[in-house]
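Q: Since the structure of chain S is already known, use the hints to place chain C on it.
Residue numbers (my numbering), protein chains in the order written: chain S, 1 to 246; chain C, 247 to 492.
Everything labelled a hint here was simulated from the structure, so no lab data went into it. Note that beta-carbon positions come from the ideal geometry of N, C-alpha and C, so glycine has one too. Any given hint could be a false lead.
Said to hold, decoys possible - The calculated label-pair distances, taken between Cβ atoms and stated as ranges, are:
#1 C/436 / S/23: 48 to 56 Å
#2 S/53 / C/399: 50 to 58 Å
#3 C/390 / S/182: 35 to 43 Å
Claimed, not checked - Not the full set, but computed from the structure, chain S residues with beta-carbon under 10 Å of chain C:
#4 98
#5 178
#6 220
#7 221
#8 222
#9 223
#10 236
#11 238
#12 245
Claimed, not checked - Below 30 Å or equal to it, Euclidean Cα-Cα: the simulated BS3-like pairs (lysine-lysine) are:
#13 S/84 / S/117
#14 S/84 / C/330
#15 S/117 / C/363
#16 S/84 / C/363
Next come the chains, spelled out residue by residue.
2 protein chains.
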Amino acid sequence: MRLYVAAGLGQGLGIVPTREQTHYLLNVMRLGNGEPLRLFNGRDGEWLGRLDEVTKRSCLIALERQTRPQDSLPDLWLLFAPVKRARLDFIVQKAVEMGAGRILPVLTERTNVARVKEDRLIANAVEAAEQCGLLSVPEVSTPGPLSRLLDTWDEVAPGRRIIFCDEAAAPGGAFSTLEALATSQDNGPGPLAVLIGPEGGFSPAERTRLLERADTVPISLGPRIMRADTAAIAALAAVQLVVGDW
Amino acid sequence: MRLYVAAGLGQGLGIVPTREQTHYLLNVMRLGNGEPLRLFNGRDGEWLGRLDEVTKRSCLIALERQTRPQDSLPDLWLLFAPVKRARLDFIVQKAVEMGAGRILPVLTERTNVARVKEDRLIANAVEAAEQCGLLSVPEVSTPGPLSRLLDTWDEVAPGRRIIFCDEAAAPGGAFSTLEALATSQDNGPGPLAVLIGPEGGFSPAERTRLLERADTVPISLGPRIMRADTAAIAALAAVQLVVGDW
Chain S
1 MRLYVAAGLG QGLGIVPTRE QTHYLLNVMR LGNGEPLRLF NGRDGEWLGR LDEVTKRSCL
61 IALERQTRPQ DSLPDLWLLF APVKRARLDF IVQKAVEMGA GRILPVLTER TNVARVKEDR
121 LIANAVEAAE QCGLLSVPEV STPGPLSRLL DTWDEVAPGR RIIFCDEAAA PGGAFSTLEA
181 LATSQDNGPG PLAVLIGPEG GFSPAERTRL LERADTVPIS LGPRIMRADT AAIAALAAVQ
241 LVVGDW
Chain C
247 MRLYVAAGLG QGLGIVPTRE QTHYLLNVMR LGNGEPLRLF NGRDGEWLGR LDEVTKRSCL
307 IALERQTRPQ DSLPDLWLLF APVKRARLDF IVQKAVEMGA GRILPVLTER TNVARVKEDR
367 LIANAVEAAE QCGLLSVPEV STPGPLSRLL DTWDEVAPGR RIIFCDEAAA PGGAFSTLEA
427 LATSQDNGPG PLAVLIGPEG GFSPAERTRL LERADTVPIS LGPRIMRADT AAIAALAAVQ
487 LVVGDW
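So that you can see chain S by itself, here it is in the shape it has in the complex:
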């Protein structure tokens, strides 16, 4: 069992879990004194600790030793249009599993979701990081309009190319997806952001604007229609395979 905590981790320290974590450890998992846990906070690596001072409603985690040194997440962003509840949870969880270093929900013209619960996105990212053995939780940005993000791209993401998953792109066009990804680093390596649209696709104005940018790399995800969560995983897999850490 792994837990993400905010506190600093170090030899001999005792960590007080949050109320939700305490409930989970004592009431759901029914753990008692001496049970081992692994903790990470994004800064101090992974630590082995043991439950201690367990009462009905409280406990402490006594740290024993560092089990893994801190590493960093891949410098790969996922921009995606929020979809409805269960699939939104999935996109965030899967993005973490696929090694996205930052997750940015973007509202597009055809985004069909009124309100995105930021807390819930973050909770999903934390849970996925705990489960898939990460040492950091990817940052989840506050949802905002895609157009505004593009207006400020050169300041917030200088030199970061956008891998634009373009549903309207013909598969097997002038460049295959593999060639497009492989040549995306030809003008010098640079950080990448994968952009996935809403289930209704991008508007013509959005497509034009994205394709006019010099640093956009349009790719096709093949001839079949995919749900947004599938497309996010598939696109991140393609990027990790060709220019990432696979």
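A: Using the frame of chain S, we list chain C on its own:
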């Protein structure tokens, strides 16, 4: 709206939907006479039809014209160890979206699922094929032991190489995943099967047996732990990208 039917499709024919389809069309979607539908059966392409003779409990679909000629699914198999209910549904749906031509649930030594409902797997495959615009539903095989499938592999799948997603393979080893996939066709092109293990991984005996086969291509899906459904999508994406139809 698209429906998969068993009956032959042709000019001027009237198709009687199944009881479940009739309930869905009339009671869930509340469609009436004249509403357009698209039908496919895996043999006769896609046809435009319209609801006709709608009563409280029955209806007919009158076919007007073929809208797409029949094509064939990619010759790509997915072998996977069944997981628990919701994620099992997901694996089948996602495999269809990713273009698997045949889906084979295989029971491995560490498969932790007692019974797999075949009907449910097939229903998931049909639903995904309807939603993602396919003209065929991939065949879903009866679940059986991986060991028995490997015993008979040369007869049931002659010349088909197994892309073995090996959790124990070090990422960035002697070959990268991209190189392993790209060179998998060096001895002549051949059909492929992607093999995904259960959440507990393959047993040492299973790994040894798979790695001893000449036609096994072991690949790594990177340094992070993935859920089985994520791994299935990611592996199919990698294969479609490098040697498939993207």
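Q: Can we keep the residue 236 of chain S interface hint, with Cβ of chain C closer than 10 Å?
A: 8 Å, holds
Q: For the pair residue 436 of chain C and residue 23 of chain S, does the Cβ-Cβ distance stay inside 48 to 56 Å?
A: 54 Å, holds
Q: Holds or violated: residue 84 of chain S and residue 363 of chain C, Cα atoms, limit 30 Å.
A: Measuring from Cα to Cα gives roughly 28 Å; hence the hint holds.
Q: So, residue 222 of chain S near chain C? Judge it on the closest CB pair being under 10 Å.
A: 4 Å, holds
Q: Just to be careful, I want the Cα atoms of residue 117 of chain S and residue 363 of chain C compared with a cutoff of 30 Å; is the pair within it?
A: 35 Å, violated
Q: Min Cβ distance, residue 245 of chain S to chain C: is it shorter than 10 Å?
A: 6 Å, holds
Q: Can you verify the interface hint for residue 238 of chain S: is its Cβ closer than 10 Å to any Cβ in chain C?
A: At 5 Å from the nearest chain C Cβ, residue 238 of chain S passes the 10 Å test, so the hint holds.
Q: With a cut-off of 10 Å, does the beta carbon of residue 221 of chain S approach a beta carbon of chain C closely enough for the hint to hold?
A: 7 Å, holds
Q: Straight-line Cα separation of residue 84 of chain S and residue 117 of chain S no greater than 30 Å?
A: 11 Å, holds
Q: Should the hint that residue 98 of chain S touches chain C count as held when the rule is a Cβ pair under 10 Å?
A: Cβ of residue 98 of chain S sits 7 Å from chain C, so the hint holds.
Q: Does residue 223 of chain S pass the interface check with chain C, least Cβ-Cβ distance below 10 Å?
A: Holds - the Cβ of residue 223 of chain S comes within 10 Å of chain C, reaching about 6 Å at its closest.
Q: Hint residue 178 of chain S vs chain C: min CB-CB distance below 10 Å?
A: With a closest approach of 5 Å, the residue 178 of chain S hint holds.
In summary, the structure is inconsistent with hint 15 from the numbered list given earlier, while agreeing with all the others.
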